[in-house]
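Trainee: Taken in sequence, the protein lines are chains E and P. Sequential numbering from 178 applies to the first sequence in our numbering. Sequential numbering from 9 applies to the second sequence in our numbering.
Possibly wrong hints are sitting among the right ones.
[Said to hold, decoys possible] In silico DSS-like cross-links for lysine-lysine, where the CA-CA straight-line distance does not exceed 25 Å:
1) P:Lys104 <-> E:Lys264
2) E:Lys264 <-> P:Lys257
3) E:Lys259 <-> P:Lys104
4) E:Lys302 <-> P:Lys104
5) E:Lys186 <-> E:Lys264
[Stated by the list, open to error] Chain E stretches covered by chain P per the calculated footprint, using a threshold of three residues with CB under 8 Å from any CB of chain P:
6) 252 to 260
7) 285 to 298
[Stated by the list, open to error] So the derived label-pair ranges between C-beta atoms look like this:
8) E:Lys327 <-> P:His180: 22 to 32 Å
9) E:Ala307 <-> P:Ile63: 58 to 68 Å
10) P:Trp44 <-> E:Ala403: 46 to 56 Å
11) E:Ala393 <-> P:His180: 45 to 55 Å
12) P:Arg14 <-> E:Thr182: 25 to 35 Å
13) P:Ile63 <-> E:Pro325: 38 to 48 Å
Hints listed in this document are in silico derivations from the structure and should not be mistaken for laboratory results. Heads up, the beta-carbon is just placed ideally off N, CA and C, and yes, glycines get one too.
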Amino acid sequence: MANRTPAIKAEGLSQCFRVMHERPDSIRELFTRFLRQNVEYSYFDAVKDVSFEMFPGESVAILGRNGSGKSTLLKMVAGVFKPTSGKVMVRGSVAPLLELGAGMHPELTGRENIVLNGLLMGYSKAEMLAKQSSIIDFAEIHEFIDTPVKQYSSGMYMRLAFAVATEVDPDVLIIDEILAVGDMKFQAKCMERLHAFRRHNKTILLVSHALGHVAASCDRAILLEAGRVVQDAAVQVAIADFKQRMGLADEEVEMLTDAAATH
Amino acid sequence: MKELCRETYRYRELIWALALRELKVRYKRSVLGFMWALLNPALLMLVLTVVFTTIMPTNVKHFSLFLLSTMLLFIFFSQSLSYAVEAMVGNAELIKKVAVPKLVFPVSAVLSNIINLGLSLIPLVLLTFAMGHPFYWTWIFIPIPLAALTLFTLGATFFFATANVYYRDVSHIIQIVLQALFYLTPIIYSIDQIPIKYRWMFWLNPLTFSLSDFRMYTYYGMLPSFASIAASFVTGFLALGIGFAVFRKYQHEFVFYV
Chain E
178 MANRTPAIKA
188 EGLSQCFRVM
198 HERPDSIREL
208 FTRFLRQNVE
218 YSYFDAVKDV
228 SFEMFPGESV
238 AILGRNGSGK
248 STLLKMVAGV
258 FKPTSGKVMV
268 RGSVAPLLEL
278 GAGMHPELTG
288 RENIVLNGLL
298 MGYSKAEMLA
308 KQSSIIDFAE
318 IHEFIDTPVK
328 QYSSGMYMRL
338 AFAVATEVDP
348 DVLIIDEILA
358 VGDMKFQAKC
368 MERLHAFRRH
378 NKTILLVSHA
388 LGHVAASCDR
398 AILLEAGRVV
408 QDAAVQVAIA
418 DFKQRMGLAD
428 EEVEMLTDAA
438 ATH
Chain P
9 MKELCRETYR
19 YRELIWALAL
29 RELKVRYKRS
39 VLGFMWALLN
49 PALLMLVLTV
59 VFTTIMPTNV
69 KHFSLFLLST
79 MLLFIFFSQS
89 LSYAVEAMVG
99 NAELIKKVAV
109 PKLVFPVSAV
119 LSNIINLGLS
129 LIPLVLLTFA
139 MGHPFYWTWI
149 FIPIPLAALT
159 LFTLGATFFF
169 ATANVYYRDV
179 SHIIQIVLQA
189 LFYLTPIIYS
199 IDQIPIKYRW
209 MFWLNPLTFS
219 LSDFRMYTYY
229 GMLPSFASIA
239 ASFVTGFLAL
249 GIGFAVFRKY
259 QHEFVFYV
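Please work from the sequences and hints to get the whole structure.
Mentor: As structure tokens, then:
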């Protein structure tokens, strides 16, 4: 494995947010604060010195409680956030599935959004039109494809987004917690597709609280705590460690086991 | 500047799609749809004609044509700016969730307004004929002032779109400034009506060049001075250089503020 080139390589990745206490939103406010000399900032390290490597064909989950920096880390890998320090290299094409409805315009129809979504990921209109029918087939929204997506249910949104992101056949797929929206049948379909991705030597990086999903679809997991990596191991080991650490907060564990059980 | 051209070319399809989306959303749910791009200037023209022939007659021949020729360009400038200033904040959803070069938003906002301007020139031509005003061969030069104006508009757009990310006051200030600028630019009057000793002040306004040149080609059927054309491009490139430099410097921070 050592002599292969990594698909994702993160080195000392940090993201520091400057939190202004009641950030002045207008010049007036800034001005009055300036006069009173009390512009206050505090700094918050959402992600601190994270390094990891992922190789083609690997599927890695990022685990951690709320606010541990999972989504911030994904956004840096996807290129949405510029890291405060450190660097991240991603080889090949990337399809980020960051949040529900990202890259879709509510006023445009499903069909128009397929093209828009693809263009936002850097594909050409011709490529997207060629893939259009297989995307619609996978998402199973034939009768609503010419309806503005603002009228879609969240399940339909997610199905369309997942279909677009996977149908463009990226080298790296980044998924942030969106699979939970689909029904069981569609989730099974998604899992099957993710397995196919792994077989084709693609790389998957995902964040999910559904530990059942994680166990079934990933071979490795990275555990974050307060923005730092505390565990990077085989998926079962990391999940066990995570559950143990979460033992401190009872109600959260209950929620997690519930979520894992239902999925 | 090289980066601007390269990225614009690379994302041309996306910019085009965003511009069309902008127009589609603008004319959505209206019965006449895109026809409004043509009807707006035609109706504006009707109002101007009535006002300046009956209520406030002037001795400028075909005054409404005189006025409309530059007014359409000013509307392009002011709408581009108003839209683009909101472009970063308005596309917050995309900026926060998709890794996409930020410059596509101001560029597509300006592009959608170029399309609008292009459509609005059709009624201007039709009205020129309808009013019996000569249709001069110099019309073929109109891409020159339009190109210069576009450069300037893009520059202003980059600058104010950046400023508005940090201070939302900018979008309000812009509206007032645009109002003032409308009267400070030779639109309802021509530069020749300004006493010579004050005229230099009007040349400080970069819009004066491209707008007056456009009027020369379309209304007077004359060629503007080379100095005026040169000035329109110098100010255009200068504005774009400064505007884009500012935008480029701050673009990575936008995601935290929108």
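Trainee: Against the structure shown, which of the earlier numbered hints fail to hold, in ascending order?
Mentor: none
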